[in-house]
Amino acid sequence: AQSVTQLGSHVSVSEGALVLLRCNYSSSVPPYLFWYVQYPNQGLQLLLKYTSAATLVKGINGFEAEFKKSETSFHLTKPSAHMSDAAEYFCAVRDSGGGADGLTFGKGTHLIIQP
Amino acid sequence: EPEVTQTPSHQVTQMGQEVILRCVPISNHLYFYWYRQILGQKVEFLVSFYNNEISEKSEIFDDQFSVERPDGSNFTLKIRSTKLEDSAMYFCATSSGGAREQFFGPGTRLTVL
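Protein chains in written order, with the numbering used here: chain E, 3 to 117; chain A, -6 to 106.
Chain A on its own, in the form it takes in the complex:
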């Protein structure tokens, strides 16, 4: 069964450093999303991406964040200058669109020290 994969599974970084989180979507999916889950809290939508551009973003997705699909396969989330409060589990999700469900990857746990 096709699945969404994410790397790395765990990333530890120092405050102020840049991090890139990677996701490989399910091959025929067209819509890509990033969500985050701070420990003990609910899953929060960050951004959706379609046709090589951002479709929708939340208030959380400020100028520190960016997304791209650099090589037509990977879908990345970059955090330019990490803060302590960026520590969270980051989930990538993909969908074939319309009313179709979003399939989630296993997540990357980001720890900012």
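Okay, chain E solo, but in the shape it has when bound:
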């Protein structure tokens, strides 16, 4: 069975500082990995995805993530935090199987940006 662990339910950074949100996964097959962002009272928006191509994936809003198979990690980073980045971030995994597979989500990390 797949699982996702997000370390830190809350992460606080200063505006302009590096953002690092951690995600570790377990999967019995090569996974597809995703980061979604959820702003208050809104749905989930895809930030980026890894689907076995380049290990460094660039997403929207300046975010990127690196797939490290040896560490079973897919951490999300952004060089310089902006106030608008304050939101809930979810890492998700899916077996690299057919399109009907559901996503398994982590518990989420609430990103707080200090002015």
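Treat each hint with caution, since some may be false.
[Stated by the list, open to error] Here are the simulated DSSO-like pairs of lysine-lysine, each with C-alpha atoms no more than 30 angstroms apart in a straight line:
#1 E:K109 x A:K76
#2 A:K35 x E:K109
#3 E:K71 x A:K35
#4 E:K71 x E:K109
#5 A:K50 x A:K35
#6 E:K71 x E:K60
#7 A:K35 x A:K76
#8 E:K71 x A:K50
#9 A:K35 x E:K70
#10 A:K35 x E:K60
#11 E:K109 x A:K50
#12 E:K70 x A:K71
Hint data in this document are derived by calculation from the structure and do not stem from the laboratory.
The structure presented is a predicted model; accordingly, all values stated were derived computationally and were not measured.
Based on these hints, arrange chain A on the given structure of chain E.
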């Protein structure tokens, strides 16, 4: 930009009542999903639907739940007899398949009293 829409945005019901949550997928998408998020908890997969039948379902998706695509456009989730613990945000998602990402709707907040 095409998007997934869901209605209603908020549904309040009495315990034991039936509710139907509706989703309009992105037009060329073939795979449809329902997820739920209980307040303060993670998003959980309920069911996936492809070619007019359920493809995969989780343990949460018991006999109280059903899905259908009644008119070729809407994709619905029915909860037959709601319980207090069904109170959650329900998200519809759709995908064009394969390795493609799932696009999520804004959600329906279900409150069971």
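These are the hints, each one checked on the structure:
Restraint check for K109 (chain E) and K76 (chain A): the C-alpha separation of about 23 angstroms stays at or below 30 angstroms, so the hint holds. Restraint check: the Cα-Cα separation between K35 (chain A) and K109 (chain E) comes to about 4 angstroms, which is no more than 30 angstroms; the hinted pair holds. Restraint check for K71 (chain E) and K35 (chain A): satisfied, since their Cα atoms lie roughly 24 angstroms apart, inside the 30 angstroms limit. A C-alpha spacing of about 21 angstroms is found between K71 (chain E) and K109 (chain E), which places the hinted pair at or below 30 angstroms, so the restraint holds.
Taking the CA atoms of K50 (chain A) and K35 (chain A), the gap is about 17 angstroms. The hint holds against a cut of 30 angstroms. At roughly 17 angstroms between alpha-carbon atoms, K71 (chain E) and K60 (chain E) fall within 30 angstroms of each other, so this suggested pair holds. At most 30 angstroms may separate the alpha-carbon atoms for a hinted pair to count; K35 (chain A) and K76 (chain A) meet this at roughly 19 angstroms. Taken as a hint, the K71 (chain E) and K50 (chain A) pair is honoured in the structure, with Cα atoms around 28 angstroms apart against an allowance of 30 angstroms.
Pair hint K35 (chain A) plus K70 (chain E) holds up; C-alpha atoms about 24 angstroms apart against a cutoff of 30 angstroms. Of the supplied pair hints, the one linking K35 (chain A) and K60 (chain E) holds, its CA atoms being roughly 24 angstroms apart against a limit of 30 angstroms. Distance check on the hinted pair: K109 (chain E) and K50 (chain A) sit about 20 angstroms apart at the alpha-carbon level, within 30 angstroms; holds. At roughly 40 angstroms between alpha-carbon atoms, K70 (chain E) and K71 (chain A) are farther apart than 30 angstroms, so this suggested pair is violated.
In this structure, the one hint that does not hold is number 12.
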